[in-house]
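Residue numbers (my numbering), protein chains in the order written: chain A, 8 to 261; chain B, 2 to 200.
Hints in this document: simulated from the structure, not taken from any laboratory. Remember, it's a predicted structure, so these values are computed and weren't measured experimentally. Take the hints with a grain of salt, since some may be wrong.
To be verified - When the alpha-carbon atoms are kept at most 27 Å apart in a straight line, the in silico BS3-like pairs for lysine-lysine are as follows:
1) K113(B) x K260(A)
2) K17(B) x K261(A)
3) K96(B) x K176(A)
4) K22(A) x K174(A)
5) K256(A) x K185(B)
6) K174(A) x K113(B)
If you want the building blocks of each chain, they are given just below.
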Amino acid sequence: MSAMRIITGLFMILKMLVRRRIILISLVVIPVAFLTGVELTASEKIIPFRLASLDEKIFIEESQKYIALVFFAVANTGFLVSFLALNLIQIDSDVNRRLVICGYHPFELLIANLFSLLLVIMSIAIYIGLLINAFVSIKHLPLFIFGLTLIGFVYGCYGLTIGSMIKGKLEGVLLVFLLANIDVGWLQNPMYYAEAQNNIIIRYLPAYYPSQSAIIAAFSDYPIVNSSLYSILIGSGFLLLSMMIFYNKMRLKK
Amino acid sequence: MVLRVENIAKAFGNNKVLRDVSFEMSPSSLYAIVGENGSGKTTLLRIIVGEWKSDHGSISMVGRFGYCPQKTLLFSQLTVDEHFNYFAAAYGIEKAELLSRSESLMDHFNFKKYRNERIARLSSGTLQKISLAISLLHRPNLLILDEPYNGFDWDTYLKFWDYTYQLKMEGCAILIVTHLITEKVRFDRIYNLVQGKLI
């Protein structure tokens, strides 16, 4: 493993990312479009909801608009990061293979991709966090941004896993969006969760802990240590899986 | 000996593409493997460079090898210079050496004017030259080329052979896989891949 190779890879990946204008524009425009849509359509009606990972008796009352904005910020981060991670690992896989034949270790390439992804996750989390703060006042903004980073980490590593496993672009997008849509885009919605019949199922989905971290930080003063640790654990699990698949696919068969 | 291929066999399901392929290359040799489309030429090269695993047999190689695949595998969003930097990192080439090597290759194959252009904006012939130059960047002592001159104009084709002879004189062994050979006299040996065997 060579630090110089990882750094070169990181710079090249970031350059390629910055040059794909449509992706950059999407990253900026999509959250604005989503949040504006919520701002224009959600009501100000106050509704009680339960923070899933806390005591069952703890209910919080907030306006539907506030809850929806926070939820959409979380969902947006999950969607965008998983799609980006999928693209990062999948789009130039044949050329990456050539780099491996020429001397790169598969892990050097994967680490370079992971560092690029982490930079992007932090940028997206900070951007969406600040953006939502322009719509509503978030209770603990730095912790909320940290929660968004966690959802980005979990779903980014999920995107890396799918991208390492699936060669077809369409199939990859389908698998990423399918889980992201059901999990972070629907079942983790606090308004849905509060009324769900079998919420034990929801607890086992990857977005549960990171979205709890973000939602708890946005609405309450309760600590997010446990949910954050579980998020890191789940994200690391996906990361390990993606590393194993990527290595097995990219290594030289001699 | 630079390359020894022994008893290589490869099947995809019931389709036995390669059956007991063996050959050996020594320094300063220029070999060709020809065959019809789908005869298994690219499969053999992919096994030699380590991209695929054979079902049977072994490959031994001495020294550095350069590989130019049939498809021009390049990053569409990076420039020519950036490609040289990226692949130089893969080969472990120092900056000073990279500079002199890349300048010389760009001069010889006449694409210096595109050095700051992104790959997505270049013609397929130019991409083929860049792909070839990347495989030559680290002065390999075994050069493996899959259909290297597809898309070359006549001038580049002649320059390609000039460079190939120069490499051969310096001790490099060169293996070219192609479906078409017009000048047999250029090669030390030509194998025909028929029904999974070299003849």
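Quick rundown of the hints versus the structure:
{"no.": "1", "hint": "K113(B) x K260(A)", "verdict": "violated, 36 Å"}
{"no.": "2", "hint": "K17(B) x K261(A)", "verdict": "holds, 20 Å"}
{"no.": "3", "hint": "K96(B) x K176(A)", "verdict": "violated, 36 Å"}
{"no.": "4", "hint": "K22(A) x K174(A)", "verdict": "holds, 23 Å"}
{"no.": "5", "hint": "K256(A) x K185(B)", "verdict": "violated, 38 Å"}
{"no.": "6", "hint": "K174(A) x K113(B)", "verdict": "violated, 35 Å"}
When the structure is compared with the earlier hints, violations turn up for hints 1, 3, 5, 6 and for no others.
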